[in-house]
Amino acid sequence: MNGTVTTTTLNTGVEFDGTVVSPRNSVTAGLDVRVPLFAAGRWARKAQAADAVHVAELGTTETHQQTALATADAYLTVIARRRVVEANERARDVATAHFDLAHQLQQLGTGSRLNELRAQQEVSTDDGLVESARLALYRAQEALGVLLVADGPVDVADEPAFDLPSDASDANILQFRPDLQFLSASQQASERVLHDSSKDYFPELQAIFLPQTLYPSNIFAPANSWRFQLQLAVPIFDSGQRKGQKLERQSAFDISKANFTGAVTGARSEVRAAREAVQSAERGLASARAAADQAQQVVNITNISFRAGAATNIEVIDAERSARDADTNVAGAEDTLRRARLELLTALGRFP
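For the sequence shown, numbering that gives the first Met the number 0 gives the first residue as 0, with consecutive numbering after it.
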C-alpha cells in the first residue's frame, strides 16, 4: 500500500461557458493497494528467508559453544597449573628437609660443606620452579577471568565431571552437534532455493485497487473515484538470466552438500579418535601415578640410607629430582585425561 499526494499548477486555468474545466491549481490524493493473488516466486522467497533466519540462529548456537569451549579450556589450564605448583612445592619441601639435615650434619661435624651446598642448590632450584609455576597459574586465572568477564583473576576449586551419558554414541551425533546442525540447515536452505528455481517461470497475478480524491473537481474528473485492476505479468524472455541463476544455485547446493557430508565423516572420526585418546590417557595416567609412587618410595629409602650413611648426598638429590619430575608428569597426565574427556564430549555434541 502506497499513498501519493500531487499538486499541479498550470500556466492558466481552462474555462468553458463560465465553468472551470481545468483549474489552475489542483491537488490529487490517492492510494495504490496491491495484493498478490498468485505469486509463486515471492512466496518462495519468503520461505527461503525463513530458512536463512534458522541458519543464522544455528550459527549463534555454534558461536556460544565455541565460547564455552574456550572457557572450559581456560578452566582446565588453571587446574593443570595448580597441580604443577603443588608438585613443585612438595619437591621444595622435601629438598628443604634434606637441606636441614645436611646443615645439621655439617654443624655436628659429621657432614660436609659440599653436601650442604648441593642440598641448598636443590632448594634454590625448586624455589625458582615454584615461582615460575605460580606465575603460570596466575596468568591462567587471568585468562579465565577475561572469558568470564570478571574484574580480575578467577580461581577454580572443583574437579570437572566429564561423565558420558548412557546414550553417548555417534549414531545420533547430528541431534547434539550445533556445527552439524548448522551445515545441515544450510544444505536444506540451498536445496529449497534450487527447487524453487522453477517458480521464476511462473506468472504473477495481482489485484490492484486505486482510490483517488481530486480538489477542486471538474466536469471531466469527479472529486472521488476509484479503479480496480487485475494485472497478470508473464515472464517471456530474459536472455538466460534465470538459467544462470539456477546453475549458481545448483553449485551452492553441491558445495553445501559436500561440506555437510565431509563434516559428518570428520565428526565420526573425531569421536573414534577421542575415545581412543581417553583410553590412552587413562593408561598413561595410571603409569605416571605408579612412577610417581615408586619415585617417592625411592626418595624415602634414599633418605633413610643417607641418614644411615649408606647413600650419598648426590643420590638423595637425584631421587628428589626424579620424584619432582614424576609428580609433574602426573599433573600433565591428569590434564591430558581431562582434555581427552572434554574432547570426547565435544565430539559427541554433549558439551556444554
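Worth double-checking, as some hints may not be accurate.
Simulated pairs of lysine-lysine, DSBU-like, Cα-Cα distance not exceeding 30 Å [said to hold, decoys possible]:
id : residue 1 : residue 2
1  : Lys242    : Lys256
2  : Lys242    : Lys45
3  : Lys198    : Lys256
4  : Lys45     : Lys256
5  : Lys45     : Lys198
6  : Lys198    : Lys245
7  : Lys242    : Lys198
8  : Lys256    : Lys245
9  : Lys45     : Lys245
Hint data in this document are derived by calculation from the structure and do not stem from the laboratory.
The structure displayed is predicted, hence computed values, not measured ones.
Hint check results:
Between the alpha carbons of Lys242 and Lys256 the distance comes to roughly 21 Å, so the proposed pair stays at or under 30 Å and holds. Simply put, Lys242 and Lys45 have alpha-carbon atoms about 21 Å apart, close enough for the 30 Å limit, and the pair holds. For the proposed pair Lys198 and Lys256, the alpha carbon gap of about 22 Å is at most 30 Å, so the pair holds. Among the hinted pairs, Lys45 with Lys256 is consistent with the structure: their alpha-carbon atoms are about 22 Å apart, no more than 30 Å.
Of the pairs offered as hints, the one joining Lys45 and Lys198 holds, with about 13 Å between alpha carbons and a cut-off of 30 Å not exceeded. In summary, the hint linking Lys198 to Lys245 is supported, as the alpha carbons are separated by about 11 Å, within the 30 Å threshold. For the hint linking Lys242 to Lys198, the alpha-carbon distance of about 12 Å falls within 30 Å, and the restraint holds. Annotation: proposed proximity of Lys256 to Lys245 holds, straight-line Cα distance about 16 Å (limit 30 Å).
Restraint check for Lys45 and Lys245: the C-alpha separation of about 18 Å stays at or below 30 Å, so the hint holds.
Of the numbered hints given earlier, the model fails none.
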